[in-house]
Structure formats: structure tokens, C-alpha cells
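Peer 1: Protein chains in written order, with the working numbering: chain A, 118 to 516; chain B, 3 to 377.
Simulated from the structure, these hints should not be mistaken for lab results. Watch out, some of these pointers could steer you wrong.
To be verified - Here are the simulated BS3-like pairs of lysine-lysine, each with C-alpha atoms no more than 30 angstroms apart in a straight line: (1) Lys258/B <-> Lys20/B; (2) Lys511/A <-> Lys265/B; (3) Lys425/A <-> Lys20/B.
Residues per chain, in single letters:
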Amino acid sequence: MDLNFSAEEIAFRHEVRAFIDASLPAATRAWLVAGKSPTKAMVVEWQKILNAKGWAVPEWPVQWGGPGWSAAQKYIFREELQMAPAPSPLGFNVNMCGPVIIAFGTEAQKQRFLPRMANLDDWWCQGFSEPGAGSDLAGLKCRAVRDGNEWVINGQKTWTTLAQHADWIFLLCRTNPEAKKQEGISFILCPMNLPGITVRPIITIEGGHEVNEVFFDDVRVPVENLVGEENKGWDCAKYLLGNERFGQARVGASRERIRRLKIIARESMDGGRPLIEDPDFRRQMTEIEVELKALEMTVMRVIAQDMKRADSKPNPATSVLKIKGTEIQQGVSEMLMKAAGPYAWVDGDPDEEGSNEWDLAPDWAFGLAGTYFNWRKQSIYGGSNEIQRNIMAKAFLGL
Amino acid sequence: MDFDLTEDQSLLADSVRKMFADGYGFEQRKAYIKSAEGWSTAMWAQYAELGLLGLPFAEEDGGFGGGLTDTCLIAEQMGKALALEPWFSTVVLGGGFLRRASAELRRELVPQVAAGECKLAFAQVERQSRYDLFDVATTAKREGGGWVITGRKGMVLHGDSADRFFVTARHAGGQRDHGGIGVFMVEAKHATARGFRTVDGGRAAEVEFDKAHAILVAEDGLPMVEAVVAEAIAALAFEAVGCMDIAHAMTLDYMKTRQQFGKPISSFQALQHRAADMLVALEQARSMSFFAVQAAADSDADERRRGASAVKVQIGRSARLVGQQSIQLHGGIAMTMEYACGHYFKRLTMNDSLFGDADHHIKALADDGGLVKAA
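Take these sequences, add in the hints, and give me the full structure.
Peer 2: This is the structure:
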């Protein structure tokens, strides 16, 4: 057993950190430190910088532009981005659709889509969930019917994250309604600018516009936009969902938020003393820090196993990542909001005209309540935490 | 980064596992508890034969040069077997001090310890000290060319069978000062030990030192105590993971066989989710036990102390959840003395309280600034 990073890995961490320090636009960093979601322009600009460096698609094979990193290097890279904080490469392109095309796509599809995905010339979004197919994803109804050289798509997708920015959507469509529900699904690529597509915003409880409903009304795409075999789309979906094993742990992101929490708790007064001196507050914060340390070690265990035996049986530790990762992030977001006290409730932006002109609320308080409300989503998406427990009971506990 | 065991480590864990498989059935263990010592002298002889008692000591002192990971792997198996012998007090605690003692003392005692002929114990807890290692009222005074110790220590694990005690005693300063605490060694014949049974089936003692003749091990002893306790916390973490592993596995087996409402209770989602939560707690504890080994080796005493506290918090929280839920999911059967699950729960609960429970350490760690440094 050797639980430390190697000298090369530590050197790699320094290299990544130095590159981020030198290349990340200051305005983007400040925006993220304030707890706000990056704008489209920020994400695109940063991914192009990463791509120029050869670092935009860590998970892809070298042939398609991947840097050829070990699992430990990928982890270090992800963690450094989260701690900076910097935007992550767009997950829909880099972690979801890209790997599916690499694994299941034709040579022509790879040539056509992958370079533009890596450089974020095309922004992709994910068309999986439907009003009637959430946790039970395979119950989806959106139809694609073959008509000559085209697929004709009719139906509705929902919770489509950042569809308002997207150039393309990857879809799960029902292509055989007679088959068992997992066996009649196909994975289809569709441009977002076609006639018949309507994007309707869903405003979430904090007031943000992240997710959308997307309607398809006789939308026609060429047959070559099918990825993999017809009616075998569920294999693509399972591959895609199983691919992201560490993404939801977000240890670096939580560490960055805890650092922020400590700074805010020094500046926030409670009973005439800085909040950080309050034993109850400190104790709650420390409980989360301990859980985060354990989660970090759990991530390391999974990575170490991956590096040794890429094809090995899933490690039960993997199922911990989503549940604990999201619980920790939600816990920190709640503590951040509570640390800001009454000032957490200011809506909008501190620089907005007419807002907080006398600076009675500190700038750092803005958006903390919003993030708390927004982050309740974390235990719902990506397979709700209850679905994760179902999976654990079946896959690891034999129940 | 590599979490796999070396071949030697796997062999070690396997041989300990096999020893317990042969010698530590539920009924056998019950008989050991009822014996005069409260543990098995025959097993103790096997520990010595297998080399477990000399493992962490340097080869030049008569040991086998094992590391903390080896000690922890043994501790994990001790947890799975609910072993009763004075291994933890002799090898982990006493051995921790002995490894740091003078060459003269090491040469004298290590071969005896390795042979199973000398059992050690750590006399630290006092009536008022609770979990504070620095809260020491027992006094040490120079007398003639040596030292004498006066005071009473409680909850001395296996103090009734120890041949030598390592004792914290104050030679300077006030009762709660961090300075002025010495570590001493006292032979059992100079002390009075009154043994008793602990709730988990183990043994401990009250020990009285009345101007007891003592050998100085460390004059500024608190740093040494903290270093030994950090190693002990790592061993306890592995022991707890061993106990949790068994308690969880027993619970899953039971859920699959116990029928109610015409089907196994494992088919009920509410119970499945509880079992999944136990797995999350167990895996987080396992991860933290690895960190415990790393933290105990930290050369920065502040980092080491914070790391050890974090370990105690996570292990304690996980142990409570896994222990309580293993009883709950079994139902009444696990409430009985005749069923092993409750014994794991008791051991887990006592494990948490050794060298400070999770509540003690969360407070200590919070007061110490936590683990994440503010930018």
C-alpha cells in the first residue's frame, strides 16, 4: 500500500495549477469565486484555451485528441480545475456524447463531430429525460420513425440543461414501440436549428434558466445521424451513464466552497464575534470536512483500482461517490447561505443598478441562497440518490 | 498511489484470518471470556508463534520490522474475530512506547514481548481526565537515582494481566498543562491492579501506583503519547472496519433468509436503502482507515493530530450507523446475547470511545481549524 501521489503526479499537479493561473481569464475566475454559474462565453473561451493546450478532452483516446493521461492525472486535472475555480470542459461534449461516438460511432461521425466537440465549436445538450421518463428512463416515448433516408422525430424532452446554448442535441428515441422497453430505443444526433424544434425555458426555484423543455414536431434528420445500431440505443445510454464514475464526487469543488465558507465566516458577525468563532458553526463545518476527506480517499481507491485493472468488477466504493458527493455539496451550500445570515436573501447582482447601493449587504452574500436552492437538484439528477441506493442493493448487496 | 496489499501483507492477513477461523468460533470465544484470564492463553501462544507479537519492532531489537500497515491489517482481523487477547495493549500501545524507548529497554523487553512472555499496558485515563491526554494528576518525583510515581489510573486495558505499565505522570506544571508530563515504565509488582470485565467482553483494570518505582521513558512525554495514540487510532480504525464488515455481512445474510409477509425482508425497499446507507458508511470508514495510516506517519505533529481526530470522527459516525442499523434490520434476534451481531455492536461502540469518541474529536478538530485551510 502506498497512498501518496508519486513525484511525477505531484509535478503534474504543479504544471496544471501553473497553467490555470497563467491562462484562466481573471474575470471568469472572479465570477466563479462569487459562486455564479459561468456564462456560455466563459465556458467556450476557456475550453478553446484548454483545447489549444491539448487538455480539453482528458477522457478521450490520444487518436482523438486526448492527452493520454493516467486515471490519477485525470483526477488531478479535474480537481485543480474545480479548486481554481475554473469552468470544466463541457460535460455534454466531453464526457457524454463524445465517448459514445468514440465507442459506437462510424468513422465518418468521428471525423465530423469529435474535433468540433473538443473545441466547443458545437455546444451539445442531452435529450434523455421526458415528462413520463425520469428515474425510469427506459420508459421514454419520444418517437423516431424511418421515412426514406430520414428519421422523423416527434415528442418531448425535458430538464434539458443549457439547451438554449446548444447547436446539437443527442437523443434517445423510441424506434420500435413493439419491443421490450429497453430494446426499442435508438441514439440519434439532431441539430437544434431545424424546423419543428421548440425550446421552452424552465425557470428553477432560485430564478435561474438552466433547464428547458424541448419539443419535436416532425423534425427530420438524415439516417446517418443514428449512432450505433438501430434499437440498440440503450447500450449507448448505459455506456454514457456508466462512464462518469468520478464526476459527481466533485471533491475539488467542495474544497473550494469550504475555503470560501471559512473566509465568509470570518467576515460574518454573530453575537458580536466573527461567526467562525462560534463552536456550533465550526462543528457543523468540520463534520463536512471530515466526510469530504473520507470521500477524497474513496475517490483515490476507485482510481487506484482503475489504474491497475481497467476491466475489473465495479468497486462498491463507486456507489458512494454520487451519494456522498452530492450530500456534501448540498451541505456546504446550506452552510454558505446560513453563514451570510440576513444578507443571503438579496436577489440579483451586487453590481446591478439600484441594488445594494449603500453596501449594507456584503458582495459575497449575493447568490448564496440561490445556489442553495439550485443545488437541491444534485441529489435528483444523474440517477436520484434513491435510484443509487436501488443500484447498490442490486449490484453490491445482492438484495 | 496503490491501495493493494503487498504479497507479504496478504500472507500476513491470511494467516491471521486462518488462525481465528480455527480458534475463534462463537462458543470458543464465550469460553475464553469465562476463563480465569478472560482471554485465551492458548491463542496468545499462537500469536507469538505466528510472529504477531514481535512484528512492529526493529529486527535489531528482536522484532520483525513490520510497519503500521501490518499492525493495522492484524487489527482488522482482530475486529472480525472480536479477539479478546491483550494484543492491542501489548503490541500497539505498550509496543508503541517500547519502540520509542531507550536501546537498553528495547533490548531487554522486545524479545520477551515477541515471545509472549511480557504483556504491556498503557495507564493513562484518570478520574478527571476524560479524553484529554494532557490532563494528568498522577505525580512523578525523583527519588535517589530514579523516579517514584503516585496516583490512580482507570480503564487500563488488560491492566490486570500486564507485566509492565507505561504510565503518564506529572513531574512539573499544573494538572492540565501540556508540559511536565513524563512517560514512565513501572513493573507490575510495584503497582496494584484490580481487574474487571468490560461490557464488550474484554478486560481492564484500575491500577494504583503508591510511590511506585518507575523508569523514565520520556521526560517531555506528551509528544510521544500523541504519536503512539495516533498509531493506536489507526489500528482502532481498522479494527472498527473489520467489525463493521462482519456486522454488515451478517445483516445482509439475515435479510435474505428472514421471511415476513410471505417473502424475504430483503425485498422491501425501505430496508434495502438502509442496507445501502450502511454500505456508504462502511466504505467511507474504510477509506478513512487508509488515511489514518497516512496521518499517523505525518511528521508535522499538528497535521497528525488533526488527521487522527478526523479519523476518529468518521469511524465513530460510521460505526454508530452500521452498528445500530445492523441491530435494527435484524430485529429482536440481534438483541440476544446468543447472537454475534450484538457483540460487534458493543465492540464498535467501545472502539469509538477509546482515545476520544467522535464528539470529542469533532470539537477538537473544529477548535483546531478543521482540515481545509481557508485561502
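Peer 1: Work down the list of hints and note, for each, if the structure agrees.
Peer 2: Hint check results:
1. Proposed proximity of Lys258/B and Lys20/B is supported: the alpha carbons are some 27 angstroms apart, at most 30 angstroms.
2. Proximity of Lys511/A to Lys265/B is assessed by CA-CA distance (about 17 angstroms); at most 30 angstroms being required, the pair is judged to hold.
3. Distance restraint check for Lys425/A and Lys20/B: the Cα-Cα separation of roughly 28 angstroms lies within the 30 angstroms cut-off, and the hinted pair is therefore satisfied.
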